[in-house]
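Protein chains: 2
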Amino acid sequence: MRQLSESSITDAVLDRFAACDDPRFKTIMTALVRHMHDFVREVGLTEAEWMAGIQFLTATGQTCTDKRQEFILLSDTLGVSMLVDAINNRKPTGALESAVQGPYYWEGAPERPLGSNLAEGVKGEPAFYSGRVLTLDGAPVADALLDVWSGDGEGNYDMQLPGQTEMLARGKLRTDAEGRYRFRSIRPASYPVPTDGPVGMMLNRMGRHPYRPGHIHMIVSAPGFQTVTTQLFVSGDAYLDSDAVFGVKESLIIDFQRHEPGIAPTGEAMAVPFHTVEHDFVLCPVMEPALQD
Amino acid sequence: MRQLSESSITDAVLDRFAACDDPRFKTIMTALVRHMHDFVREVGLTEAEWMAGIQFLTATGQTCTDKRQEFILLSDTLGVSMLVDAINNRKPTGALESAVQGPYYWEGAPERPLGSNLAEGVKGEPAFYSGRVLTLDGAPVADALLDVWSGDGEGNYDMQLPGQTEMLARGKLRTDAEGRYRFRSIRPASYPVPTDGPVGMMLNRMGRHPYRPGHIHMIVSAPGFQTVTTQLFVSGDAYLDSDAVFGVKESLIIDFQRHEPGIAPTGEAMAVPFHTVEHDFVLCPVMEPALQD
Ligand SMILES: [Cu+2]
Ligand SMILES: [Fe+3]
Ligand SMILES: [Fe+3]
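Which chain is which? The protein sequence lines are A and B, in order. When the letters of the first sequence are read in order and numbered with our numbering, they come out as residues 1 to 293. When the letters of the second sequence are read in order and numbered with our numbering, they come out as residues 1001 to 1293.
Honestly, the hints are just simulated from the structure, not real lab data. Being a predicted model, the structure only gives us computed values, none of them experimental. Glycine is no exception: its CB is placed at the ideal position from the N, C-alpha and C atoms. Check the hints yourself; a few may be wrong.
Computed list of chain B residues with no C-beta within reach of chain A, every gap over 10 Å [to be verified]:
| hint | residue |
| --- | --- |
| 1 | ALA1018 |
| 2 | LYS1067 |
| 3 | GLY1163 |
| 4 | GLY1236 |
| 5 | GLN1257 |
| 6 | GLY1267 |
| 7 | PRO1273 |
| 8 | GLU1278 |
With a Cα cut of at most 25 Å, we get these calculated SDA-like pairs of lysine to any residue [to be verified]:
| hint | chain 1 | residue 1 | chain 2 | residue 2 |
| --- | --- | --- | --- | --- |
| 9 | A | LYS172 | A | GLU268 |
| 10 | A | LYS91 | B | SER1007 |
| 11 | B | LYS1026 | A | PHE39 |
| 12 | B | LYS1067 | A | ARG208 |
| 13 | B | LYS1026 | A | ARG208 |
| 14 | B | LYS1026 | A | GLU268 |
| 15 | A | LYS67 | B | ALA1052 |
| 16 | B | LYS1123 | B | SER1221 |
| 17 | B | LYS1091 | B | ALA1264 |
| 18 | B | LYS1026 | A | THR46 |
| 19 | A | LYS26 | A | ASP11 |
| 20 | A | LYS67 | B | LYS1026 |
| 21 | A | LYS26 | B | GLU1042 |
| 22 | A | LYS123 | A | GLU107 |
| 23 | A | LYS67 | A | PRO162 |
Produce the entire structure from the sequences given, and follow the hints as far as they go.
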């Protein structure tokens, strides 16, 4: 076809995929082209707007480094990441829900004994976390692995602290025979996503703030169960209703009980106020039949 | 809203634009989010596919340099550029149609006298171009400017030739009192878009070739008339029906008449075969009333 119009060009592009021998790739690219073209037609995109889009995408790619992923941030702030999460992690009621991993995961945190303090030398109010890992029927899951990380009490991850080359506020823990876990860390604080790149400019122009409510990240796994990457959010945080990356789920909001200086659950005497958190994680078995259809 | 579902997350994202004080930006971002989310839901994008998309976009941004724009190439090869062109350059029948500028424009080509050879030292079969610039009523447009560029007869632009720092096969010409233009260049050849980057990998995986039919680029302008950025395509080219960037329009395909060695239209004696091309350009006035509604 040699004379493509505003409407016929879409099918002309799709016709070109005829020789594609990867059916899934063809399905994805076909849908992508249709939705992109519909978008352009719907808004009547001008040539200047198209060029602004090209420049934005280019700058976004060029902002990415080993330590920074601006396209993931773009996906996060437009709700695409949590949509993909929702589609791929449908859970039965009561089961631990998922949240995105985010950009601050650091492979290889050390495994620590139950009750360890993961936050030696980390700023923030101490918090003692405990609870159980359970099956959907309420049976304990022994030997489940919790891979935990968070920023400090001021909202900064170790990777973001100038000159900090060692891990902070990270560690792995295994549940005991009754499925129990316990560890000490800090109460996490809200923090802004990086705003000095193209995505920050976009948020600003949209009239949006860049803050995430305080949260602690966790990957919970156990043999025979579905691994869950998730976040626990601090109840009462000012940004729970407007998380810049749309990550909050009701079941992931947990209460931090504040205590005056005194004896902590570990038996140690605390000279400063501290928090306690108790939360159980319910895991789904791999190949849960009810989820297969 | 704290419990976002696969369907409610889209409205939750759109609600965040409430404070945006740029109505056009809000319109564009609203449509973009809707179509992106619909795309993700429609194909049921997996987390691995999402990550492949993130990596593709990142690599595309990082392939861009001062001399290469991989996101424009992506837009071109998915038909988005020509769709934007079509929407923004609706022309009455008979008027010169537009085509995309492409990545090989080089600002500041010299103005040359009518009849000049723009292709001194350029590989390829000589071609003598001539014709008129006219109004919709057929009146000549004197002093119209043609800004002309092409690759050589092997499909390479000057910018692509190693060590070539001077312009080749480029120049500006002005029509005479009868609206006539004439210049010598070469007959352009088909060429592949760059295939050594992410877009090349994409085309390959789609089962598509990267070729564009032979064409000469031109920006035609005159005071009081709408400027037209366009391309003229070589009739008979093998890729007219499958241009990798969907640029071909029927009215832009022109005949190259081949002549055995002999006397050229300029009067010079040609020792090699040469071509002649005759084509008129019809320009629309600025603020053409029929196009205003
Ligand atoms: Cu759509
Ligand atoms: Fe985080
Ligand atoms: Fe070209």
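Verification of the supplied hints:
A beta-carbon of chain A is positioned within 10 Å of the beta-carbon of B:ALA1018; the least distance is around 7 Å. Distance check for B:LYS1067 against chain A: the nearest CB is about 13 Å away, which clears 10 Å, and the non-interface claim stands. Separation of B:GLY1163 from chain A is adequate, the least Cβ-Cβ distance of about 27 Å exceeding the 10 Å criterion. Even its closest Cβ contact with chain A, about 13 Å, leaves B:GLY1236 beyond 10 Å, as expected for a residue assigned away from the interface.
No Cβ of chain A approaches the Cβ of B:GLN1257 within 10 Å, the least distance being about 21 Å, so the stated non-interface status holds. For B:GLY1267, the condition that its CB be more than 10 Å from all CB atoms of chain A holds, with the nearest at approximately 36 Å. At roughly 27 Å, the least C-beta separation between B:PRO1273 and chain A is larger than 10 Å, which holds for a residue marked as non-interface. With a closest Cβ-Cβ approach of about 21 Å to chain A, B:GLU1278 is found to remain outside the 10 Å limit, as its non-interface label requires.
Note on A:LYS172 and A:GLU268: the hinted pairing holds, with a Cα-Cα distance of about 22 Å set against a maximum of 25 Å. For the hint linking A:LYS91 to B:SER1007, the alpha-carbon distance of about 16 Å falls within 25 Å, and the restraint holds. With a C-alpha separation of about 13 Å, the suggested pairing of B:LYS1026 with A:PHE39 holds against the 25 Å cut-off. Annotation: proposed proximity of B:LYS1067 to A:ARG208 is violated, straight-line Cα distance about 35 Å (limit 25 Å).
Note on B:LYS1026 and A:ARG208: the hinted pairing holds, with a Cα-Cα distance of about 12 Å set against a maximum of 25 Å. Proximity of B:LYS1026 to A:GLU268 is assessed by CA-CA distance (about 54 Å); at most 25 Å being required, the pair is judged violated. A distance of roughly 18 Å separates the Cα atoms of A:LYS67 and B:ALA1052; the hinted pair therefore holds under the 25 Å criterion. Of the supplied pair hints, the one linking B:LYS1123 and B:SER1221 is violated, its CA atoms being roughly 28 Å apart against a limit of 25 Å.
With a CA separation close to 35 Å, the supplied pair B:LYS1091 and B:ALA1264 exceeds the 25 Å bound. Between B:LYS1026 and A:THR46 the CA atoms are separated by roughly 15 Å; this keeps the pair inside 25 Å, and the hint holds. Of the supplied pair hints, the one linking A:LYS26 and A:ASP11 holds, its CA atoms being roughly 14 Å apart against a limit of 25 Å. For the given pair, A:LYS67 sits about 31 Å from B:LYS1026 by alpha-carbon distance, which is inconsistent with the 25 Å threshold.
For the suggested pair A:LYS26 and B:GLU1042, the alpha carbons sit about 13 Å apart, so the restraint of at most 25 Å is met. Distance check on the hinted pair: A:LYS123 and A:GLU107 sit about 22 Å apart at the alpha-carbon level, within 25 Å; holds. Under the criterion of a C-alpha separation no larger than 25 Å, the hint pairing A:LYS67 with A:PRO162 is consistent with the structure, at around 13 Å.
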